[in-house]
Amino acid sequence: MGELVQVLVYAATIGSAYALVAFSYSLVFSTTRIINFAQGTLVVVGGYLAWWLWSGVFDRGTSMLLVVIPAVVLAAIVGLVFDLVAIEPLGDFDPTSNIAWLVTTFGAAIVVQEVVAQLISDTGESIPDLFHSLFGWQGSVVQHVAIGPSDVVLVVATGAIVGVAAFLQARTKVGRAFRAVAQDRQAAALMGINPKVMVRLSFLIAGAITGLAGILIAPNYGVRFAIGLNLGLAGFVAAVLGGLGSTSGAIVGGYAVGLVEGFVGVMSSRADTYRPIAVFVVFVLVLTLRPTGLLGRPVVEKV
Amino acid sequence: MSLLEVVDLSAAYGPIQVLHGISLTVDAGEVVVVLGANGAGKTTALRAISGLVAAKGELRFDGVSILGRHPESIAHRGVSHVPQGRGTLAGLTVDENMRLGAYSRRDREGIAADLAEWYDTFPPLAKRRSQTAGTMSGGEQQMLAVARSLMSRPRLLLLDEPSLGLAPLVTKQLFETLATVNRERGIAMLLVEQNAALALELAARGYVLEAGEIVASGTAENLSRDGEIRKAYLGR
Chain A
1 MGELVQVLVY
11 AATIGSAYAL
21 VAFSYSLVFS
31 TTRIINFAQG
41 TLVVVGGYLA
51 WWLWSGVFDR
61 GTSMLLVVIP
71 AVVLAAIVGL
81 VFDLVAIEPL
91 GDFDPTSNIA
101 WLVTTFGAAI
111 VVQEVVAQLI
121 SDTGESIPDL
131 FHSLFGWQGS
141 VVQHVAIGPS
151 DVVLVVATGA
161 IVGVAAFLQA
171 RTKVGRAFRA
181 VAQDRQAAAL
191 MGINPKVMVR
201 LSFLIAGAIT
211 GLAGILIAPN
221 YGVRFAIGLN
231 LGLAGFVAAV
241 LGGLGSTSGA
251 IVGGYAVGLV
261 EGFVGVMSSR
271 ADTYRPIAVF
281 VVFVLVLTLR
291 PTGLLGRPVV
301 EKV
Chain B
1 MSLLEVVDLS
11 AAYGPIQVLH
21 GISLTVDAGE
31 VVVVLGANGA
41 GKTTALRAIS
51 GLVAAKGELR
61 FDGVSILGRH
71 PESIAHRGVS
81 HVPQGRGTLA
91 GLTVDENMRL
101 GAYSRRDREG
111 IAADLAEWYD
121 TFPPLAKRRS
131 QTAGTMSGGE
141 QQMLAVARSL
151 MSRPRLLLLD
161 EPSLGLAPLV
171 TKQLFETLAT
181 VNRERGIAML
191 LVEQNAALAL
201 ELAARGYVLE
211 AGEIVASGTA
221 ENLSRDGEIR
231 KAYLGR
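Protein sequences appear in the order of chains A and B. Anchor point for the first sequence: position 229 equals 229 in the working numbering, and the numbering is continuous, going up by one each time. Anchor point for the second sequence: position 26 equals 26 in the working numbering, and the numbering is continuous, going up by one each time.
Please keep in mind that the hints were generated in silico from the structure rather than gathered at the bench. Any given hint might turn out to be false.
What the hints assert, rightly or not - Within a straight-line C-alpha distance of at most 16 Å, the following computed EDC-like cross-link-like pairs (lysine to aspartate or glutamate) qualify:
1) A:Lys173 / B:Asp95
2) A:Lys196 / B:Asp95
3) A:Lys196 / A:Asp94
4) B:Lys56 / B:Asp8
5) B:Lys127 / B:Asp107
6) A:Lys173 / B:Asp107
7) B:Lys56 / B:Glu5
8) A:Lys196 / A:Glu88
9) A:Lys196 / A:Asp92
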């Protein structure tokens, strides 16, 4: 029983972070058909920006609630810069035959990591919880598993972000235009929609969401460069597992990866070694059976 | 001055030259047809006009050069292209497609009025409002493509093979609707069509395109009397 609780809490919290990163990959993929390999870097950017604002710009007594907004805005801008620097200069290109984007996104990620290390900090840091308590609740221990406000915030924030994004996509003019570009860039342009603007928007939103993920997991996992690699990779696996371009797929994929890792955590004493192995075994199995991912639909290119 | 002026327009896909300097005009409120065999460059001509294919030469809409402009900016000026194979957004509902047609408009009331009017004109679409576009029949999707274009209140409609894959009766109805829209709204149309007989009935003038060059032009009446054209495109 205690082990089950442990698995579920692990899957719900880290799974939420994976889901957020997977959703970000998916957003960018839907408008560009590329994988932004710099996405994981934005986890780091978000965390370090929040730490820098909290410890350097404001004083350390400031509530994280005041820090999180400017940090997320800055992370969104960094996300947009990835588009302007790594993708837009490539012009119109077919992402399946011209893979220059692979090099430019990786390159941009390395540059941004170095800039963060030089300007902000090159060692691990830590930032406090967004909320010390939720309505007076400061955390509990259920079956020997500690659950705190930051865990609940992570799960609730993920649900809220995905819910708001889905609502905006379904009910607003810009949301409809976004889906139009995701489906058929050329047809969308013929309707007067500027595809470039929608691509920029996807990078901007993905930057904000991934940056926020980096801030929300920081109380438990710290602000470290390795986190970017871990979340970037797990989020990518989650996005592909669920079906690239599908919002629900990103969420399902994120929690699925969280669950697999959670089970490994209770079954093995060397969980850190076996987690990635288990995740990739599941990944390969799912893609063998369903090449488009759990909830993905094949991309149909009309000529 | 014509609404659309195409002068010596050339276009190529990579090294393959498709259009070798074509010239044509469409006046305000006029329906013009481009006839030609498969591969003559008809689709490319429309794609060059709407900015989907890079072209050389002169291209003016309402007196302003639109050569080299992006498709979305040409659409904003009032040129609406219904591409071959329809280009409806299959995963969006009929209503979402219709509303996106009016993307560049700001007049809420006008949009609502047009939405009601086109649903009135195309009753099957009204019935399927909340259905995903991709689940409709070919004829209904073609209707949607045309209706969605009309939602932008275009001054010029570019129609690429609207009859492709449609049953003869459905085609006939569609052409009757196009004629009504042209008469009542004064929307000019440049039409590329395999069904030459129907197209020449709708159009006032026409051009014949062969291997990327215009080889004949004239009023629809004269073109349908021309022996060569009758043999090549009307099959009699």
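Provide an ascending list of the numbers of those earlier hints which the structure does not satisfy. 2, 5
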